[in-house]
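Going line by line, the protein sequences match chains A and B.
Heads up: the first sequence begins at 1 in my numbering, then just goes up one per residue.
Heads up: the second sequence begins at 1 in my numbering, then just goes up one per residue.
Everything labelled a hint here was simulated from the structure, so no lab data went into it.
Note that the structure is a prediction, hence the values are computed from the model and not measured.
Nothing false has been slipped in among the hints.
Pair ranges (Cβ atoms, derived):
(1) A:H39 to B:T111: 15 to 25 Å
(2) A:P14 to B:P69: 47 to 57 Å
(3) B:T86 to A:R77: 37 to 47 Å
(4) A:P14 to B:N99: 29 to 39 Å
(5) B:P69 to A:S7: 36 to 46 Å
(6) B:A52 to A:P14: 48 to 58 Å
Heads up, the beta-carbon is just placed ideally off N, CA and C, and yes, glycines get one too.
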Amino acid sequence: QEKVQQSPESLIVPEGAMSSLNCTFSNSASQSIWWYQQHPGKGPEALISIFSNGNKKEGRLTVYLNRASLHVSLHIRDSQPSDSAVYLCAVRGQGKLIFGQGTKLSIKP
Amino acid sequence: EAAVTQSPRNKVAVTGGKVTLSCNQTNNHNNMYWYRQDTGHGLRLIHYSYGAGSTEKGDIPDGYKASRPSQENFSLILELATPSQTSVYFCASGDARGNTEVFFGKGTRLTVV
Numbered sequence: 001q002e003k004v005q006q007s008p009e010s011l012i013v014p015e016g017a018m019s020s021l022n023c024t025f026s027n028s029a030s031q032s033i034w035w036y037q038q039h040p041g042k043g044p045e046a047l048i049s050i051f052s053n054g055n056k057k058e059g060r061l062t063v064y065l066n067r068a069s070l071h072v073s074l075h076i077r078d079s080q081p082s083d084s085a086v087y088l089c090a091v092r093g094q095g096k097l098i099f100g101q102g103t104k105l106s107i108k109p
Numbered sequence: 001e002a003a004v005t006q007s008p009r010n011k012v013a014v015t016g017g018k019v020t021l022s023c024n025q026t027n028n029h030n031n032m033y034w035y036r037q038d039t040g041h042g043l044r045l046i047h048y049s050y051g052a053g054s055t056e057k058g059d060i061p062d063g064y065k066a067s068r069p070s071q072e073n074f075s076l077i078l079e080l081a082t083p084s085q086t087s088v089y090f091c092a093s094g095d096a097r098g099n100t101e102v103f104f105g106k107g108t109r110l111t112v113v
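Kindly produce the complete structure, drawing on both the sequences and the hints.
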């Protein structure tokens, strides 16, 4: 059974600073790793995904994957108040999509 | 744009009653999923499906059944609802390929009294 753990549980970051979120998973053969964003009262929406070791950059987002250490991180550059949300790490493989417990990110103006 | 529609959006049920949550997707996706979300637990997988006629147990299937009568529709059934099943339930759909996005509905808030 795939296990996904996120840290920290909550994070407060000043506006304009870098936000860094972490995720560990249990199966190195997982097909893809996804980060979802969820605002209160809404369904999760995919932000960025990564399949191979290394990093991927899209706009203000950068994700790093290290399959050997079973670790993935998400970094949000120039964080904005609109980035305040819950961020969910998810691992896709064997037909399933398994989530971590989430990190609540608050950006303070 | 990918669309996943859940109904109802809100439901109050009595303990011991039967509850059916419905989900429809117009994306022609093979895979569909049911999750529940509770504070501190993220999203936990209840049941999922690879296509019409198929249902698979997720990580927390006890007390739930699922039905996939067609490509478009996937239902979650609580035969005997209990207060511990009070939660927000999300349906999702995705292509069978593991490197593609899974799309979520807006959620159903279920309260069992």
